[in-house]
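Line order of the protein sequences matches chains A and B. In terms of numbering that gives the first Met the number 0, the first sequence opens at residue 0 and continues consecutively. In terms of numbering that gives the first Met the number 0, the second sequence opens at residue 0 and continues consecutively.
In case anyone wonders, no lab produced these hints; they're calculated from the structure. By construction, the Cβ of each residue, glycine as well, lies at the ideal position given by its N, Cα and C atoms. Accuracy of the hints is not assured; some may be wrong.
Chain B is nowhere near these chain A residues, computed Cβ spacing over 12 Å in every case [stated by the list, open to error]:
id, residue
1, T17
2, K106
3, Y256
4, E311
Within a straight-line C-alpha distance of at most 30 Å, the following computed DSS-like cross-link-like pairs (lysine-lysine) qualify [to be verified]:
id, chain 1, residue 1, chain 2, residue 2
5, A, K103, B, K33
6, A, K31, B, K106
7, A, K105, B, K83
8, A, K83, B, K88
9, B, K106, B, K88
10, B, K106, A, K33
11, B, K9, A, K35
12, B, K33, A, K105
13, A, K103, A, K88
14, B, K31, A, K3
15, B, K196, B, K322
16, B, K33, A, K33
17, A, K106, B, K33
18, A, K106, B, K9
19, A, K33, B, K88
20, B, K83, A, K106
21, A, K35, B, K196
22, B, K103, A, K35
23, A, K3, B, K105
24, A, K322, B, K224
25, A, K103, B, K35
26, B, K322, A, K106
27, B, K105, A, K88
28, B, K88, A, K103
29, A, K9, B, K106
30, B, K83, A, K83
31, B, K224, B, K173
32, A, K88, B, K106
33, B, K103, A, K83
34, B, K88, A, K106
35, B, K105, A, K83
36, B, K9, A, K105
37, B, K9, B, K35
There are 2 protein chains.
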Amino acid sequence: MKPKIQDVAKVAGVSPTTVSRVLNDRGYISSKTKEKVFAAMEEINYVPNDLARSLYNKRSYLIGVIVPSTSHPFFGELVAHIEKICNEKGYKVLLCNSLHEADKEKKYWEMLHRNQVDGVIVVTYNRGLVDKQQQFPAVAIDHYLSENIPVVSSDNFQGGEIASKELLEAGCRKIIHINGDANLETPANNRQYAYEKVMQEAGRTPETYHVPDVAFLESNIDIIKQLFRDHPDVDGIFASDDLLAIRTLQYAESLGYRVPDDLKIIGYDGTNLIRSLYPNLTTIIQPTYQIAAYAVNTLLQEIDGELLAVKEKTLPVSIWLGKTTGHAS
Amino acid sequence: MKPKIQDVAKVAGVSPTTVSRVLNDRGYISSKTKEKVFAAMEEINYVPNDLARSLYNKRSYLIGVIVPSTSHPFFGELVAHIEKICNEKGYKVLLCNSLHEADKEKKYWEMLHRNQVDGVIVVTYNRGLVDKQQQFPAVAIDHYLSENIPVVSSDNFQGGEIASKELLEAGCRKIIHINGDANLETPANNRQYAYEKVMQEAGRTPETYHVPDVAFLESNIDIIKQLFRDHPDVDGIFASDDLLAIRTLQYAESLGYRVPDDLKIIGYDGTNLIRSLYPNLTTIIQPTYQIAAYAVNTLLQEIDGELLAVKEKTLPVSIWLGKTTGHAS
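Okay, chain A solo, but in the shape it has when bound (with noise of 0.2 Å):
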């Protein structure tokens, strides 16, 4: 037989209702009848029920968390970390895939309500995810979703401005943009914002390609091809996305381009998985650490009923030289 709060309470010489307060920290209760209530626990063993527990504190102590996917390096890692933050805070995590489908992304944001997490975390690319009345306890990562919703992202601004001038700097004369789909509303956007920014005060002419998806690899390769065959000239591109930065330079090299030497590389994101495995690819680091601690301890400000005197939160980026512009790493 398990043993129930009921023989906790006997072996402790205290009331049921005595356990259950020290369980979910309620009430006063002293540091003598504390200690004799965990060792009653430890005496006959007993496990909490988390599930009891959090019908009692209408808590579920788990976050819902929406991504495109795992299998990119960039959410796989932000996963690992708010996973990672989360359990130190005695959080559990539902992971949603959402494949950057926006049925899929709603059917998610409903089930987490249903479900009864506490809150959710999410990163989206697709409108109207939320009703702009909705009350509960969300953060968004790189995506505005409503007035009542905090975002936190990346100076993706900085980052597109460092970016494009580090290709400037490198001797550059043609510089071309790729991003993602351009009917997005995201923060991400501001990296082509400031590459034009950028290019206009160097008195160039900006020109962006938008491919279907940053995150999904195979479906980019017609527009990277379309960028070489109106631009052989093209001598610097800056990619808001590493796959795509890789991608672009392999096709580039079967080209019979050389990188560095005739064309210039930077991608975006900076995962500690692409440094390790293409240190030599110059990239903008995001401090996706960094990221997913703001948006957890957010989330749980929101989860405790607390006001937030921030809406909106920038992180800085950084630069990782490699060789792909030039620089000798």
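Chain A is fixed; fit chain B onto it per the hints.
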């Protein structure tokens, strides 16, 4: 006010018990009644409460998944598949990244029991996680946990055989194997046994270097360096992980080896990500999707109380011919 089951009953003109039966698909209900109930739900915008449903069904519809880390491409892809398949079957995934730490695995395992998930899929490489007597729906991937727990893995012996023969047939004379921690009881050890068998049959002396952890790159470079110091004449390397293979390739090139002319390398896992980023790397492809599907389906059978015919399932692997073993791709 959120509509309740009683409101649905009133609008449909049936009893709340009938609504509950429709929701939980229990007992005989005429299709006419079902239609009335669904129409009523739609009319008043009733959202069924999964937590209430789970208490009624004694199911949480949650599956715990313990992996080292979603930041590793193989596990990121495996978890993405598991989550997708679970979602299609009405189950949610509680994600736990153990980071290969035995303590963390144990804590997660206990937490998942407490939290009353319906079952657990676990990828673990540490001993002693499971009490032999424990009866709890679980499936292990790549590792024996106890007699009661079914294990699914890809055919590691076959993979080791294919990889070793590929290097032999490519004309390598000194073929060395790099694998993970020799102290772990994992079916992945069969890759090494197959390598040893192929070498012995060819009259060669097998030699294996063990890195501390195949999944974490930084700790492995010292062993790779040692290998090249001990055997500067190495001309074939079979690495039991693609990240390890790529790291070895990079280090070899930094020493001046040309791949595949001086040194042939074959990796393991063959995720979509790595095949996209490093199409030139010859590697053994694990059937990640099939592993995920088999694990989920087996777990759901256990949850439904079905007797399992097969306790150990081995799925076939295949080879991806890149250029690092001298094949033209």
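Practice task
Return the numbers of the hints above that this structure violates; sort them in rising order.
Solution key: 2, 11, 14, 16, 19, 21 and 26
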